[in-house]
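S.K.: Now for the letters of each chain:
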Amino acid sequence: MNTKRDEQWRVDLRAKIKAKDRTNLERVHMPELDPEYRSHIRNEEVNLGLTPEQAMAEAQRCLDCANPTCMEGCPVGIQIPDFIKQIETGNFLEAAKVLKLTSALPAVCGRVCPQERQCEERCIHLKMKKDAVAIGYLERFAADYERESGQISVPETAARNGIKIAVVGSGPAGLAFAGDMAKYGYEVHVFEALHEIGGVLKYGIPEFRLPNKIVDVEIENLKAMGVIFTNNCIIGKTIAIQELEENGYQGIFVASGAGLPRFMNIKGENLVGIMSSNEYLTRVNLMDAANPDSDTPVYKGKKVAVIGGGNTAMDSVRTARRLGAEKAMIVYRRSEEEMPARVEEVKHAKEEGIEFLTLHNPLEYIGDANGRVTHMILQEMELGEPDASGRRSPVEIPGKTKTVEVDEVIVSVGVSPNPLIKQSVPELEITKWGTLVVNQDTMQSVSIPIIFAGGDIVRGGATVILAMGDGRRAAKAMDEWIKSKG
Amino acid sequence: MNKIISKEYFSANVVKFVVEAPLIAKARRAGHFVIVRVGEKGERIPLTIADADISKGTITLVIQRMGVSSTKLCALEAGDYITDLVGPLGKATHIENFGTVVCACGGVGTAPMMPIVAALKKAGNKVITVLAARTKELIILEEQMRGYSDEVIVMTDDGSYGNKGLVTNGIEAVIQREKVDMCVTIGPAIMMKFVSILTKKYEIPTVASLNTIMVDGTGMCGACRVTIGGKTKFVCVDGPEFDAHQVDFDEMLMRLGGYKDQEKEEMEHKILHKK
Ligand SMILES: Cc1cc2nc3c(=O)[nH]c(=O)nc-3n(C[C@H](O)[C@H](O)[C@H](O)COP(=O)(O)OP(=O)(O)OC[C@H]3O[C@@H](n4cnc5c(N)ncnc54)[C@H](O)[C@@H]3O)c2cc1C
Ligand code: FES
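Those protein sequence lines, which keep their order, are chains A and B.
Position 321 of the first sequence, counting from 1, maps to 321 under my numbering, and the rest follow consecutively.
Position 212 of the second sequence, counting from 1, maps to 212 under my numbering, and the rest follow consecutively.
The reader is advised that the hints may include incorrect statements.
[To be verified] With a straight-line cut-off of 25 Å between C-alpha atoms, the simulated BS3-like cross-links for lysine-lysine are: (1) 267(A) <-> 231(B); (2) 26(B) <-> 164(A); (3) 213(A) <-> 41(B); (4) 233(B) <-> 267(A); (5) 422(A) <-> 91(B); (6) 432(A) <-> 231(B); (7) 422(A) <-> 121(B); (8) 91(B) <-> 121(B); (9) 300(A) <-> 41(B); (10) 126(B) <-> 422(A); (11) 164(A) <-> 422(A); (12) 193(B) <-> 267(A); (13) 422(A) <-> 233(B); (14) 432(A) <-> 233(B); (15) 432(A) <-> 56(B).
Rather than coming from a laboratory, the hints here were simulated on the basis of the structure.
Keep in mind it's a predicted model, so treat the numbers as computed, not measured.
Bound-form chain A, shown alone (with noise of 0.2 Å):
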């Protein structure tokens, strides 16, 4: 029961304009950078963000429904009317409140969830044959506005317990357990591997769709609450998860991620200029390769091919666009139908001039005397029968391939768990995939209590709102459980 609703100012609010004419006003359109310009800029970021007018109207157009369906689409139940109304009524700080109850990361995620398959495709306006209340950039907008306003709020913590807890990883899973934890009043130490803390907010999302900024605020907001930061620390390799244990932490929360990089182990894939997505991106996003002053190389192609249909394929052809690519092509083996990549990437990237060779497959590769990438040569494919995952699975036309000529490839065909934890703790129980089995509610893991995990390391490549959500589900699991043994 939504009693929030049953509030005056809401009834009144509802009462002010009629149900059919808030369906009639047409979903707004994202304000960006114009195609051509923002192809040969790195660091700008594609959409500019709606205007206080164009969020008021824009939340005119949620009906305030008594069954809010689209918070079902939502995977961690965000109060979507609570918010978008107190947009409707101008107050933004309000909407950024009712966010953050349920959201360690709001300004992230109105950026890369894909609302579209979330909690837009439950909006009620569909049913209607109307385009969806744009949720996404609303969640974005009034994050933003609390943070450009100079006015967020750091959360209220309780009194500190004196309990150590560690966390491995601070990617989304690992920032929304800390912050959690924090305002339990646990002392909170988040061990890094790399030099920066972020993730894959940093090293593999790109400036031009998730500024560094954004993330840096979230962080500085945890560093406010007491939470405490160490990089360049790999748990398993500096500090063994024993010695945590021994260093009194009485619970560890591993949030490491699914870094690794699958290849198709097909000929010539250790060609030069064929490289992993995750190098490619850590590259230009972690090692800011492309700018002169860097140290670090990167291979700025002209003719590139990424290999997928993922985020991480769109984040790295577009990535290779703006780098100089000339032709920057998308190979991925299903139609564009089953591209798991949000729907405003692949916008994004067709209007950057992006090619799209979709029911392709990369067979081979072909070099030259320096070993260098010159050609691919690609299966052509058509769609079957729906396999596993309800996709219809890609098969092979025989005997009909072609060759393409390519200077650089980038192969984004998935992610592992990293192996580090296991191999830290080989009591740990794992599923043939790597990842860590855990209690689905508590994300306890069901081999040795005191390891809580979340994210990607469980599910494998998912999404930051998963990895978030996984990181709060764990922080009230822990919490209850440390009580519990008194």
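Once you have looked at the hints, place chain B with the ligands on chain A.
M.R.: Chain B with the ligands only, in chain A's frame:
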């Protein structure tokens, strides 16, 4: 940030640093390496841990000045801080008493060989070290190696010092003289390739420590991938040491050449923009 406790020159281009890193000092074994970054624009480069002192909480790094990053590192002084230092990484060397071991190294491989020679000696092996270089000036760490080895054979291409000839001539002379149970080789890929061909001929088990390009050093990027016995492996997590007879050195050589052009541009850019 890790503080440099002391700096010492082994030769004009070879520097020894003792660096504060208590956790790494405690966790490291022979063969492990660290990733180091100097300055906010710095590159992440792998360096073998030459030695460690658990009680003082320090590790020793030996750096040969080569490209942009090692030059930056060598320019630091005692009291300065290394921006980032992470480790220990990779798998430790498998050390046991094999009997007689030939340790063949040259160029960039000499510094990382030092701790392995020391550990092999400590385990009771008879250690014969073959130090190779193009010419006399490029022979480094000879004195240190003598301290850990039963015998040191110096080879120079031009005969300006020690024996004239390649590293493989030095190894072969030993093999013809006495029974060799094991060979360890670290150096330029081309050198390791020929050492591997030689020891294969004599069926002597050989370990090569590969120095590929790396970025993160934790298995995250695949920049360091090599083919071992037909399978792709990541040097930073599966290595750095592999059965030399299984390594596809030709592919490794090709991949090492990958960033040559950029590296050159990089150097030129740095020289051009230096005040
Ligand atoms: C390029 C790219 C684009 C993406 N785009 C989207 C998108 O648009 N929308 C979306 O929802 N999701 C997206 N994702 C997926 C999303 O980023 C991940 O699902 C999410 O980041 C997982 O969070 P996490 O906290 O589990 O792990 P990560 O973000 O991977 O963080 C794990 C951290 O742990 C560190 N670590 C690992 N092992 C250790 C150790 N032993 N000791 C210490 N530290 C360790 C790692 O260095 C890393 O920083 C994208 C992923 C990539 C790579
Ligand atoms: S250096 Fe990145 S995986 Fe080895």
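S.K.: Now tell me if each hint is right for this structure.
M.R.: Results of checking the hints against the structure:
1. 267(A) <-> 231(B): At roughly 12 Å apart (the allowed maximum being 25 Å), residue 231(B) and residue 267(A) satisfy the hint.
2. 26(B) <-> 164(A): Holds, because 22 Å separates the two Cα atoms, which is no more than 25 Å.
3. 213(A) <-> 41(B): holds (18 Å)
4. 233(B) <-> 267(A): With Cα atoms ~15 Å apart, residue 233(B) and residue 267(A) stay inside 25 Å; holds.
5. 422(A) <-> 91(B): holds (15 Å)
6. 432(A) <-> 231(B): holds (20 Å)
7. 422(A) <-> 121(B): violated (33 Å)
8. 91(B) <-> 121(B): Roughly 20 Å separates the two Cα atoms, so the pair holds.
9. 300(A) <-> 41(B): holds (19 Å)
10. 126(B) <-> 422(A): Violated - the C-alpha atoms of residue 422(A) and residue 126(B) are around 37 Å apart, more than 25 Å.
11. 164(A) <-> 422(A): With a Cα-Cα distance of about 22 Å, the restraint between residue 164(A) and residue 422(A) holds, given a limit of 25 Å.
12. 193(B) <-> 267(A): holds (22 Å)
13. 422(A) <-> 233(B): holds (19 Å)
14. 432(A) <-> 233(B): holds (19 Å)
15. 432(A) <-> 56(B): Judged against 25 Å, a Cα distance of about 42 Å means the pair is violated.
In this structure, the hints that do not hold are numbers 7, 10 and 15, in rising order.
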